[in-house]
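Let's have the full structure, built from the sequences with the hints guiding it.
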Amino acid sequence: MAKEPEIPSSSYQLDVVTETSAQQGSDPQLNTTNPDFTSGQSHIDNNVEKSIKHHDIEVLEPPSETIGIPESNAALDALYSVFPTSLKKMIILSGSMASLFSPMSTSIYYPSLSQIAKDLHVSDAKISLTVTLFLVIQGLAPMMIAGLSDKAGRRPAYMICFVIYLFTTLGLGLQNSYPALMALRCLQSAGSSGTVALANGLVGDIITSSERGTYVAWASLGSILGHMVAPIIGGVLGQYAGWHWIFWFLLIFSCVVFIPLILFLPETCRNLVDDGSIPPPFLCINISDYIRHANRRKRGIPVDAEKLTALRKDYKLQVPNPLSTLRVLADKEAGLLLVAAGISLASYYAISTGASSQFSSLYGFSQLKVSLMFIPVSAGSLISAFTTGKIVDFNYRRHAKIHNFPLTKNRQMDLTNFPIERARLEIALPLFYLGALAIIAYGWVMGHHVSIAGPIILLFVIGYALVASFQVLNILMLDIYPGKPATATAANNVVRCELGAIATAVIVPMVNAIGTGWSYTIIALLFVVYSPALVIIMRYVILWRKQNKDKQVELAKRKQERRENKDVKTAEKNTRHLNEEINVAKSQDRAPDLHIEFLRYGLFGILFGFDVLAIMAIWDLKILIAYPDVQQ
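Residue numbers (the UniProt record's numbering): 1 to 632.
Careful, some of the hints might be misleading.
[Said to hold, decoys possible] BS3-like cross-link-like pairs, simulated, lysine-lysine; straight-line CA separation at most 30 Å:
(1) K569 <-> K313
(2) K546 <-> K569
(3) K369 <-> K126
(4) K89 <-> K298
(5) K549 <-> K307
(6) K569 <-> K551
(7) K549 <-> K573
(8) K549 <-> K298
(9) K390 <-> K369
(10) K551 <-> K332
(11) K89 <-> K401
(12) K313 <-> K551
(13) K559 <-> K307
(14) K313 <-> K126
[Claimed, not checked] Computed spacing ranges between beta-carbons, pair by pair:
(15) K401 <-> G242: 54 to 60 Å
(16) F167 <-> V535: 34 to 40 Å
(17) L87 <-> L283: 19 to 25 Å
(18) S288 <-> V506: 45 to 51 Å
(19) Y290 <-> C255: 19 to 25 Å
It is worth saying that the hints were derived from the structure and are not from the lab.
Virtual Cβ for every residue (Gly too), placed ideally from N, Cα, C.
This is the structure we're talking about:
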């Protein structure tokens, strides 16, 4: 009789092949299992899953994020998100609009750097230091915001970000000193930088890997538009209204975006609402959530009470642990990818920072003309947002067809044995090399002071190649960390912004020392030197992933065994203590209480005395009655 292979209930299974539920239903022999073994196996695997959950082990594919080997038709029919497509697009675009403030706040005063230095009576190097520190904080702050949003929800994280941003931007509009500018710019960076991680967190919450390329492109649209329009707006305001009005504009615009966002953006964090069918906690609910769940109740769609209880049990507001972001950096695959993404964006920042002074000194441009030179690089970035995502999704479907992986809309596929890195990096590597060639050409064209048409064309190519390569690597990070998209993006921000801060700090002194040609050639060579790391990832990553999952499951089992042994020892210790207390209590019950005994014998003595006196009195009375002459 055929025996069905036992399938553990855990989602951390590797290389397991099973028949479909239809085949199992047609053959009753396949449904014959040993209930004791199945129960024991499920118990072990459930303990392992709980151990993994409660001991903060970084799992690349959390159980709530993937559909592994189907056990029933219900599992096959489970949607990754209950949000309709139109609402998904609105959510992603809203997050993209909010993320506009991080790059806009960075680059909006690039054209006014020289004027700010003159008004505050400081050097250009000191003003450039405000840009460097802004990028440093921009990399570190999301470590806190991302961890908070992955556990407490996206809505509280957005509220914290924008409250900090509003008050610091108000202060920047009122200040007139270099120390105040430096301090408030750092706080402004802390408020705005988390919005980029939150936008990618929205994508990871509601979008599957097969569609993620297109939606990540939409989520990055705000970041790209921020770099595109901010220098132009900053140049116009700085020249005609004064640089203080740069911050007044940011304050007004942030209020316009912030108020509707808080009122209507649905909570999407899967740790709170799962696929969107669970009502969020009170702090995370808003008008759209209230209306949507009220309509679901009217249609008779019940809420999974068991799932709701489990999610609320784990929900609590607490100070986030930035070490979760550092654990992402410590991962072998993630670390290599993050450095590659950081090189792309650091080069982008170096070119943007250097362009402000170089076009002014080499071509004699005014603030307004310098700001207009950011249009080509931003236009290339914008086109990459609309094209790269579709190319990435096409290559994903191509590899799925080659490896016979099923593609179902709004269902997340288990990526354990799928070459997701190859599908993504086949797009990123050519863009890597294209960006390097364009940067080299740009440096030598600027060094020889050729016609302005040359830098314009090269800036367009640089904007397209660098942003597109960064976008592909960002999509891949969301693929390998689907359960913590905001944390993965925060780790990306750490590397990107710290490398960007270094690039912005050294580009001007390096150009002054060795010229634009060799300066940008050195930057471009970083792409060429580092590109073999991406090839290594494509070749060995599936083996790494299997080893990592095996290690995680084994570690979880060992921790579970240690915890069970500890529980047994604790129970034995408690039993011993209880027995000792019982024995002590019994011995105390048998021991005489001196106070009680003294009182007992005292009362006995008094009663005995009264008895003696009574007997004596009666005896005397008898004598008096019997011998009356004695009294006389």
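Tested hints:
Among the hinted pairs, K569 with K313 is consistent with the structure: their alpha-carbon atoms are about 28 Å apart, no more than 30 Å. Restraint check for K546 and K569: the C-alpha separation of about 34 Å exceeds 30 Å, so the hint is violated. A C-alpha spacing of about 23 Å is found between K369 and K126, which places the hinted pair at or below 30 Å, so the restraint holds. For the suggested pair K89 and K298, the alpha carbons sit about 25 Å apart, so the restraint of at most 30 Å is met.
A hinted pair counts as satisfied when its Cα atoms are at most 30 Å apart, and K549 with K307 qualifies at roughly 26 Å. Between K569 and K551 the alpha-carbon distance is near 27 Å, which keeps this suggested pair within the 30 Å criterion. Straight-line distance between C-alpha atoms of K549 and K573 comes to about 36 Å, which puts the hinted pair past the 30 Å bound. Using a Cα cut-off of 30 Å, the hinted pair K549 and K298 is violated, with the two alpha carbons roughly 43 Å apart.
Of the pairs offered as hints, the one joining K390 and K369 is violated, with about 34 Å between alpha carbons and a cut-off of 30 Å exceeded. A threshold of 30 Å between alpha carbons decides the hint, and for K551 with K332 the separation of about 14 Å falls inside it, so the pair holds. With a CA separation close to 27 Å, the supplied pair K89 and K401 stays within the 30 Å bound. A distance of roughly 28 Å separates the Cα atoms of K313 and K551; the hinted pair therefore holds under the 30 Å criterion.
Restraint check: the Cα-Cα separation between K559 and K307 comes to about 26 Å, which is no more than 30 Å; the hinted pair holds. With a CA separation close to 50 Å, the supplied pair K313 and K126 exceeds the 30 Å bound. A hinted range of 54 to 60 Å for the beta carbons of K401 and G242 is consistent with their spacing of about 58 Å. At roughly 47 Å, the beta carbons of F167 and V535 sit outside the given window of 34 to 40 Å.
Between L87 and L283 the CB atoms are about 22 Å apart, so this pair conforms to the stated range of 19 to 25 Å. Here the CB-CB span from S288 to V506 is close to 46 Å, well matched to the stated 45 to 51 Å. Judged by the Cβ atoms, the range 19 to 25 Å given for Y290 and C255 holds: they are separated by roughly 23 Å.
In this structure, the hints that do not hold are numbers 2, 7, 8, 9, 14 and 16, in rising order.
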